[in-house]
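Student: Which chain is which? The protein sequence lines are A and B, in order. Mapping the first sequence onto numbering that gives the first Met the number 0, position 34 (from 1) lands on 33, and the numbers just tick up by one. Mapping the second sequence onto numbering that gives the first Met the number 0, position 127 (from 1) lands on 126, and the numbers just tick up by one.
A couple of the hints might just be wrong.
Simulated restraints, written as ranges between beta carbons of each label pair [claimed, not checked]: (1) 81(B) - 86(A): 25 to 33 Å; (2) 85(B) - 89(A): 21 to 29 Å; (3) 293(A) - 76(B): 42 to 50 Å; (4) 31(B) - 24(A): 40 to 48 Å.
Bear in mind the hints are in silico, worked out from the structure with no lab data behind them. Built from N, CA and C at the ideal position, the CB exists for glycine as well.
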Amino acid sequence: MAATGFLLRGYAQNLLDALMGMGYRCVGPQVRNGAITYDILSHASDLPWGWHDDQKPGSYRLERDGSPWGFAWANGPQGLKPLLFAPVDTLQTARRTEDGALHFEGATPHAIATAVLGVRACDLAALRLQDQHFLEGLVPDPHYAARRADLFLIAVHCTRPAVTCFCASTGDGPRAEHGFDLALGETVGGFLVTTGSAAGEDLADRLPLQAVLPKEQDALEASIAAAVAGQQRRLPSRDLRAALFAKLHHPRWEEVAARCLSCGNCTAVCPSCFCYAESEQPALDGLSSMHTRRWDSCFTQGHSAIHGTVIRSGTRERYRQWLTHKLGGWHDQYGRSGCVGCGRCITWCPVGIDITEEATSICGESHV
Amino acid sequence: MSEPHILREAIIRERIQESPTIFTLRLAFTDPEQRARYSFQPGQFNMVALYGVGQSPISIVSDPKDEHLLDHTIRGLGRVSLGLSRLTPGERVGLRGPYGRGWPLVAAQGRNIVLVTGGLGCAPAVSVIRYILRRRDRFGHLTILQGVKHSDDLIWRQQYERWSKLPDVHVGLAADVSAPGWFGQVGPVTVLFDRAPITPGSLVMMCGPEMMMRAVVTELLRRGIDENDIWLSMERNMHCAVGLCGHCQIGPHFVCRDGPVFSYPELKALLGERGF
Chain A
0 MAATGFLLRG YAQNLLDALM GMGYRCVGPQ VRNGAITYDI LSHASDLPWG
50 WHDDQKPGSY RLERDGSPWG FAWANGPQGL KPLLFAPVDT LQTARRTEDG
100 ALHFEGATPH AIATAVLGVR ACDLAALRLQ DQHFLEGLVP DPHYAARRAD
150 LFLIAVHCTR PAVTCFCAST GDGPRAEHGF DLALGETVGG FLVTTGSAAG
200 EDLADRLPLQ AVLPKEQDAL EASIAAAVAG QQRRLPSRDL RAALFAKLHH
250 PRWEEVAARC LSCGNCTAVC PSCFCYAESE QPALDGLSSM HTRRWDSCFT
300 QGHSAIHGTV IRSGTRERYR QWLTHKLGGW HDQYGRSGCV GCGRCITWCP
350 VGIDITEEAT SICGESHV
Chain B
0 MSEPHILREA IIRERIQESP TIFTLRLAFT DPEQRARYSF QPGQFNMVAL
50 YGVGQSPISI VSDPKDEHLL DHTIRGLGRV SLGLSRLTPG ERVGLRGPYG
100 RGWPLVAAQG RNIVLVTGGL GCAPAVSVIR YILRRRDRFG HLTILQGVKH
150 SDDLIWRQQY ERWSKLPDVH VGLAADVSAP GWFGQVGPVT VLFDRAPITP
200 GSLVMMCGPE MMMRAVVTEL LRRGIDENDI WLSMERNMHC AVGLCGHCQI
250 GPHFVCRDGP VFSYPELKAL LGERGF
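The following block holds chain A by itself, in its conformation from the complex:
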């Protein structure tokens, strides 16, 4: 994919100004509490210039290396998910009047046109999966739909994957191939710019772009190729559906359950996990009640509770549910695996359980 222009690193603020000029609120990666976090971004100087991440199973550390690079890191604990599928949303409110009548009203989803800078290829793939789930099912989710409608996405190709990354094996990275408005490829001097939509072309027209030198294109290609070659983890196949469901009684499930804390960190950081729990919050005066939803996890007891029994009472059943769904059931539901290879579940697992290792142990190696 040939770039259409080159943006010198010194012009990063022009990019934000152009987006704000187009009416977008900008969100971008910043260092917050020791992690790369997406937050409101007005000043390019707040980008994580000179920072890189050191991720391992159960460990995430940021280090400052003084380099001029702004995107020499793999990912933080969250990608796009919280921006669209909010951790907490009010779905509707109920009012009870003195005569006992109930009045229900849907909570109007409020969304601000948002541009996200620094989206990773794995997170674009996860976004596509969440779009399928929340927008293309029986009924579109109004809250997700409202936030999704005016989203402008600026991808940045990954050139420095973490050791937990395995997007090359899932086919989702490290290069952002589609689903973006604009993509940036970072090199020593700045960014190669590729457009992916009409809105992206509009933005590119507003930027002080220079011609791309062949050596810059070559440098980017070389660093993306190195990012593929440097990945140390892989899933045994892109379709483990049959292999997993054939191994429901494999002893490894017991073994992983002995290590798993059933804490739900993996599902919270997973960019494709979509479960949520609805609950009621009545006002103290008894006159109204809010119906809200909150991210849920198949690792909780409540997830499978049904009048007095819990279908997945043990950690073995919960881990097996998560893995057979993520790598198996998703194929039936959404036409592909639910894993995009971001590696977050490995990094943020407090005991460092590695999805690629568990899947390989249970399914065995294959070369499909």
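Given chain A, work out where chain B should sit, using these hints.
Tutor: Leaving out everything else, chain B in the frame of chain A:
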């Protein structure tokens, strides 16, 4: 269903105590437009909301032609259902639906029908029994087999007696444990099979505890029923009822959206597998 999450107000027209813990709420939407717009198929369910507490998926027991009255038979067990059990006629609840795929009524046309139910599993089946009895010429012989753990758990006893007197209807009742005076058989619901007209070509609909359904399926297959003619209504934790919240999944199926009624081949791989 333009607003899938939004509840509508419904009024309790009648409350019927079916057993010490089971009751039926006869509900009607208070908005006449909503009443007119609403229609359902036997086997589908509604979300019933107790103000300030929460929502529960409850199958619809009435017939689709029942003049806009929606019967919901509920066992008071959880926070929502116990609270619902204390409501009286004239009080209001929230209601949304109908949801899910109901019984295979098109495939059932012209066939002999066998209904096998266990415990409160009889509730999702009652709607289809009423449906068939009101459209008798469209269906063949009807067999109703109901099993309960204890004979005191049986609800709708008079209804079963009434049905048993109808032409082309066979009713069998069984209890694992029976009190004196029990007029049915003793044992699991499968003890009823020898006296029931279960013949290849019949279409079977069932609901109840999964272990019971598994035992019934084995017995049906042994008797030559085609596996594609066996349909089961499933129950899982549900919050949204529209295939979004993720709780009700059995393998790749969202019970709320793809079910609650499934054909046996759809579920075969995971039916009875602990943890799914």
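Student: Now look at each hint and say whether the structure bears it out.
Tutor: Consistency of the hints with the structure:
The beta-carbon spacing between residue 81(B) and residue 86(A), approximately 30 Å, falls within the hinted interval of 25 to 33 Å. Taken as a hint, the range 21 to 29 Å holds for the pair residue 85(B) and residue 89(A), whose Cβ atoms sit roughly 27 Å apart. Residue 293(A) and residue 76(B) have their C-beta atoms about 24 Å apart, which leaves the hinted 42 to 50 Å range violated. Our hint of 40 to 48 Å for residue 31(B) and residue 24(A) holds, since their Cβ atoms are close to 44 Å apart.
The structure shown violates just one earlier hint, number 3.
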